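Q: Here are the chains, one letter per residue:
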Amino acid sequence: MSLVHVLEVALAVLVLGAAGWTIVARSTFASAVGFVSYGLLLALVWVQLAAIDVALTEAAIGSGLTGVLLLSAAATLRVTERRSGAGPGLPMRVFAAICCGLVTAAIAAVVLTLPEVAPTLAPEAIAALPATGVGNPVTGVLMAFRALDTLLEKFVLVLALIGVWSLAPDRCWGGHPGLKHRLPADGVLPFFARTLPPFGVLLGIHLMWTGADHPGGAFQGGTVLAAMWLLVMMAGVRDAPAIRERWLRLALVSGPVVFLAVGLAGMLAAGAFLAYPVDIAKPLILLIEVPMLLTIALALGLLVAGPPERAAGSS
Amino acid sequence: MSTVTLFGLCAAVLIGLGLYGALTHPQPLRKLVAFNLLGSGIFLLFGVIARRGAWSTVGGDPVPQALVITGIVVAFAATALAVALLLRLFKESGEATLSPAARTHASPERHQP
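Residue numbers (my numbering), protein chains in the order written: chain A, 83 to 397; chain B, 12 to 124.
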């Protein structure tokens with residue numbers, strides 16, 4: 083047994099341990115903390131599966147942003163925990179455990195009997211990659227071969243945000259999301275919120291740019307930008323914008339609108355929706371990615387910030 | 012056991028654990044954590060399939076990998092919406108429960124004119 087293999091087994095044990103902790107932990111807060119560490123460990127598994135792009139996304143969104151969301155919700159809902167019922171009785175739990183065990187066993191059986199020659203689209207993707215002008219096959223799939231998925235996912239982000247906003251009480255509609263954070267200006271968090279963002283913004287844009295040929299991309303870059311923005315808002319350095327601001331709404335829809343426009347232009351220029359003329363494929367992909375980065379960063383940040391809770395203009 | 016088999020079995024256990032948590036936890040937020048666990052297990056299973064599709068210079072089939080990236084972002088958007096719904100329920104009723112019995116006696120004054 084090689085050292086790498088021992089480390090892989092240890093990693094699997096750690097992942098399952100953290101996952102088990104999120105289920106059995108007594109308090110929801112402890113469970114959410116467990117989920118954050120679970121996400122980071124899972125990112126290491128993705129590295130081990132040679133999927134660096136996914137590892138970056140899992141660490142940034144699956145662990146980081148989801149973690150912030152769950153931790154703050156757990157802190158708010160802590161008072162309701164003791165009052166909530168005990169849940170199903172022991173016989174029902176045992177029955178549920180048996181059923182879930184059967185699901186696991188069925189999937190494990192599938193994993194153990196996968197066909198020897200694995201089906202793969204990798205040769206086709208690599209063969210067609212030069213036409214897109216990008217060198218990272220995952221970015222090629224996201225921005226060209228399966229661009230429709232990415233376009234629809236932009237719609238999902240904006241729709242989810244509209245859903246979150248629509249939960250605002252009437253008097254707060256159009257106002258600022260979340261509570262106003264007031265921290266002493268010389269505290270540690272405001273200090274970080276003033277020093278980290280320049281580097282974070284650089285890193286976010288770099289991740290998007292380098293995603294063309296190396297692991298990275300608009301998703302990962304946008305998440306880093308969103309994290310920097312959230313840090314600034316949570317430290318009270320700058321307040322969250324009122325959601326009725328026109329610039330905010332225009333910036334939010336710019337990603338899907340530009341994507342859609344390029345896609346429709348492809349019908350005339352290249353003969354199919356979301357097709358790019360080969361000689362300008364790379365510039366077109368960049369043209370889509372820049373507003374997409376903006377939309378992702380804004381939508382992710384605002385999804386974490388939650389529905390408006392203060393009327394516009396109030397402090 | 013090879014890397015793909017090890018993490019494939021790991022994914023199977025994660026899916027089972029998440030399903031169990033989503034079914035048995037009485038608190039909606041715990042169900043949400045468990046549901047995310049279930050989802051990440053499915054993503055991991057897909058990642059294992061992708062890794063098996065490694066070909067020449069690439070370490071895995073890029074198509075499933077790209078789909079997983081999209082999936083993670085969509086899962087986050089759905090989680091954010093669910094958390095917002097739950098927090099609104101708490102604001103309205105002072106409770107965060109899916110049980111109708113617990114909710115009706117939580118805050119009766121809201122229904123009076």
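Source of the hints: derived by calculation from the structure; they are not laboratory data.
Because the structure is a prediction, the values reported are computed rather than measured.
Hints may contain errors.
[To be verified] Which stretches of chain A does chain B cover? Using the computed rule of at least three CB atoms under 8 Å from a CB of chain B, they are:
1) 103-114
2) 159-171
3) 189-202
4) 277-290
5) 315-326
6) 335-341
7) 349-359
Just so it is clear, CB atoms sit at the ideal spot from N, CA and C, and this is done for glycine as well.
Q: Would you mind marking each hint as holding or not holding in the structure?
A: Consistency of the hints with the structure:
no., hint, result
1, 103-114, "holds (count 5)"
2, 159-171, "holds (count 9)"
3, 189-202, "holds (count 8)"
4, 277-290, "violated (count 0)"
5, 315-326, "violated (count 0)"
6, 335-341, "violated (count 0)"
7, 349-359, "violated (count 0)"
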